[in-house]
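Read top to bottom, the protein sequences are chains X and A. Residue numbers for the first sequence, in our numbering: 1 to 242. Residue numbers for the second sequence, in our numbering: 243 to 435.
Check each hint, because a few of them may be wrong.
In silico DSS-like pairs for lysine-lysine, Cα to Cα no more than 30 Å straight-line [to be verified]:
#1 A:Lys374 - X:Lys55
#2 X:Lys48 - X:Lys133
#3 X:Lys124 - X:Lys172
#4 X:Lys232 - A:Lys315
#5 A:Lys434 - X:Lys226
#6 X:Lys185 - A:Lys434
#7 A:Lys310 - A:Lys324
#8 X:Lys138 - A:Lys394
#9 X:Lys185 - X:Lys133
#10 A:Lys284 - A:Lys337
#11 A:Lys434 - X:Lys167
#12 A:Lys300 - X:Lys230
#13 X:Lys55 - X:Lys3
#14 X:Lys75 - X:Lys48
#15 X:Lys172 - X:Lys61
#16 A:Lys315 - X:Lys185
#17 X:Lys167 - X:Lys238
#18 X:Lys75 - X:Lys133
#19 X:Lys124 - A:Lys374
#20 A:Lys376 - X:Lys61
#21 X:Lys137 - A:Lys311
#22 X:Lys167 - X:Lys76
#23 A:Lys300 - X:Lys232
#24 X:Lys172 - A:Lys376
#25 A:Lys434 - X:Lys236
#26 A:Lys310 - X:Lys124
#27 A:Lys304 - X:Lys48
#28 X:Lys61 - A:Lys394
Because the hints were derived from the structure by calculation, they are not lab data.
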Amino acid sequence: MKKILLILLCFLIFSNMATAKTKTPTDENAILQSEAEIILNDMQIQNKISNIGFKLLNANKIDVRMAFIYDKKNKKLISEKSLTDRQIVVYKDLIQFAADDAEIAAFLAREICKTAESYAGTLKGIIGATQVKCAPKKYEIFFDERAVDYLVKAGYNPLALITFINKSYPQKRYDKISTHNLTSKRLANIYEYIYFQYPSFLANNEYLENEAYQHFLLSSIENRRKLQEKIKTGSKEKVEYE
Amino acid sequence: MNKKIFIFIFSLFFSINYAFGEIINDEFVDQTLKDKVFDKVKTNTNYNYENTERVVIKLTPKEIVSTKKYIQKGDILTFTVKQNVKVNNEVIILKGTTATARIKSYTTRGWAGIPGQILVDDFEIKGIDSNKLKSTYIKRGFDATAWIFPIKAVLTPIPFVGSITNLMIGGHGKISSKDTVVLYYYPNWTEKI
Numbered sequence: 001m002k003k004i005l006l007i008l009l010c011f012l013i014f015s016n017m018a019t020a021k022t023k024t025p026t027d028e029n030a031i032l033q034s035e036a037e038i039i040l041n042d043m044q045i046q047n048k049i050s051n052i053g054f055k056l057l058n059a060n061k062i063d064v065r066m067a068f069i070y071d072k073k074n075k076k077l078i079s080e081k082s083l084t085d086r087q088i089v090v091y092k093d094l095i096q097f098a099a100d101d102a103e104i105a106a107f108l109a110r111e112i113c114k115t116a117e118s119y120a121g122t123l124k125g126i127i128g129a130t131q132v133k134c135a136p137k138k139y140e141i142f143f144d145e146r147a148v149d150y151l152v153k154a155g156y157n158p159l160a161l162i163t164f165i166n167k168s169y170p171q172k173r174y175d176k177i178s179t180h181n182l183t184s185k186r187l188a189n190i191y192e193y194i195y196f197q198y199p200s201f202l203a204n205n206e207y208l209e210n211e212a213y214q215h216f217l218l219s220s221i222e223n224r225r226k227l228q229e230k231i232k233t234g235s236k237e238k239v240e241y242e
Numbered sequence: 243m244n245k246k247i248f249i250f251i252f253s254l255f256f257s258i259n260y261a262f263g264e265i266i267n268d269e270f271v272d273q274t275l276k277d278k279v280f281d282k283v284k285t286n287t288n289y290n291y292e293n294t295e296r297v298v299i300k301l302t303p304k305e306i307v308s309t310k311k312y313i314q315k316g317d318i319l320t321f322t323v324k325q326n327v328k329v330n331n332e333v334i335i336l337k338g339t340t341a342t343a344r345i346k347s348y349t350t351r352g353w354a355g356i357p358g359q360i361l362v363d364d365f366e367i368k369g370i371d372s373n374k375l376k377s378t379y380i381k382r383g384f385d386a387t388a389w390i391f392p393i394k395a396v397l398t399p400i401p402f403v404g405s406i407t408n409l410m411i412g413g414h415g416k417i418s419s420k421d422t423v424v425l426y427y428y429p430n431w432t433e434k435i
């Protein structure tokens, strides 16, 4: 038995030695190549984000400065730097939900609205930014609606905002005492906004076979019924979505 | 064996068909929007902002809108041009010309002196290319946050006292004929080559 164990031990030691052998030039080249590939990949993502971001700013004639930064290290979803440093940080954990350029644009458009708000008001925007921080729920719907306008002006499909939010934001139980609206409520508001402002996107819906959009349709049946009622009756009252 | 393979392929075929058949159509959209003809959506993707020459256009609102009541987003507002607009000494818009715009979004007033605000955009003036206008107009109500936030910061160390400042409410956002909307028209902005 001892012999068997000794042979096994020797085998393990030798196998480890074999793997821990000194790196040959070809190994080093392979490591350098893989690092270069990672850097190139990051550059491509950063470039894409910056291009989409600046396209949104230009198309909407937003004449205030803001930077778009891709961050793959920190595990966050939304950064507060958009209000303080006017830096729109795109975290890997969130952007990986985006399936196409329109969905990346959807996320950026929302953050651009928020950042633009930090330029408003006295003390070079300190007051404007503090208002958004103090009452995020109040501004959430406002930013969603503006994001739809920004997307359309830049030539993107605004329904991408629905699919992106549906994929990436959680659904809480209540929002009465919360600092944020229920995601389902936000989605219903975006849908209503698109219905009234840009109905052609719904009439010729490119996202109808998108799984996230289909699930939005499924989960928003009650909210959409409320909107239908409003449209049928010609009501000018606010629809209370859930 | 062949029978089993046949059943397997048959069931696979039906499951795929069933999955496609499950797509939910937005029936209400189909009923209300499908046969309608829509104006082309206005985009602005062909810009060149090199030129800096600009002309001011001042407008006076004709209607009163306030965040006190629910506002239907997308409603059209009308404005009157306050004075003649000249480019190279040539009048391009006459005083009294009617302009239109849409209410795009708004927020209601809130605690801690946060004001309500109305955002108006998509201005249209006859003879003017709207892509050459810098035109987003935001009207905010009475903003008390500039003095409430510092007071709140000072009082917060005393338990519950800082929170009292939250009871102050900001003003409603209101657009009326007393306001002057200032737009900038850049006549020499050309499209990208």
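Here is what the structure says about each hint:
{"no.": "1", "hint": "A:Lys374 - X:Lys55", "in the structure": "holds (17 Å)"}
{"no.": "2", "hint": "X:Lys48 - X:Lys133", "in the structure": "holds (29 Å)"}
{"no.": "3", "hint": "X:Lys124 - X:Lys172", "in the structure": "violated (35 Å)"}
{"no.": "4", "hint": "X:Lys232 - A:Lys315", "in the structure": "holds (17 Å)"}
{"no.": "5", "hint": "A:Lys434 - X:Lys226", "in the structure": "violated (44 Å)"}
{"no.": "6", "hint": "X:Lys185 - A:Lys434", "in the structure": "violated (40 Å)"}
{"no.": "7", "hint": "A:Lys310 - A:Lys324", "in the structure": "holds (27 Å)"}
{"no.": "8", "hint": "X:Lys138 - A:Lys394", "in the structure": "holds (20 Å)"}
{"no.": "9", "hint": "X:Lys185 - X:Lys133", "in the structure": "holds (20 Å)"}
{"no.": "10", "hint": "A:Lys284 - A:Lys337", "in the structure": "holds (27 Å)"}
{"no.": "11", "hint": "A:Lys434 - X:Lys167", "in the structure": "violated (36 Å)"}
{"no.": "12", "hint": "A:Lys300 - X:Lys230", "in the structure": "violated (36 Å)"}
{"no.": "13", "hint": "X:Lys55 - X:Lys3", "in the structure": "violated (72 Å)"}
{"no.": "14", "hint": "X:Lys75 - X:Lys48", "in the structure": "holds (20 Å)"}
{"no.": "15", "hint": "X:Lys172 - X:Lys61", "in the structure": "violated (36 Å)"}
{"no.": "16", "hint": "A:Lys315 - X:Lys185", "in the structure": "holds (17 Å)"}
{"no.": "17", "hint": "X:Lys167 - X:Lys238", "in the structure": "holds (26 Å)"}
{"no.": "18", "hint": "X:Lys75 - X:Lys133", "in the structure": "holds (21 Å)"}
{"no.": "19", "hint": "X:Lys124 - A:Lys374", "in the structure": "holds (27 Å)"}
{"no.": "20", "hint": "A:Lys376 - X:Lys61", "in the structure": "holds (7 Å)"}
{"no.": "21", "hint": "X:Lys137 - A:Lys311", "in the structure": "holds (19 Å)"}
{"no.": "22", "hint": "X:Lys167 - X:Lys76", "in the structure": "holds (16 Å)"}
{"no.": "23", "hint": "A:Lys300 - X:Lys232", "in the structure": "violated (39 Å)"}
{"no.": "24", "hint": "X:Lys172 - A:Lys376", "in the structure": "violated (39 Å)"}
{"no.": "25", "hint": "A:Lys434 - X:Lys236", "in the structure": "violated (42 Å)"}
{"no.": "26", "hint": "A:Lys310 - X:Lys124", "in the structure": "holds (28 Å)"}
{"no.": "27", "hint": "A:Lys304 - X:Lys48", "in the structure": "violated (44 Å)"}
{"no.": "28", "hint": "X:Lys61 - A:Lys394", "in the structure": "violated (36 Å)"}
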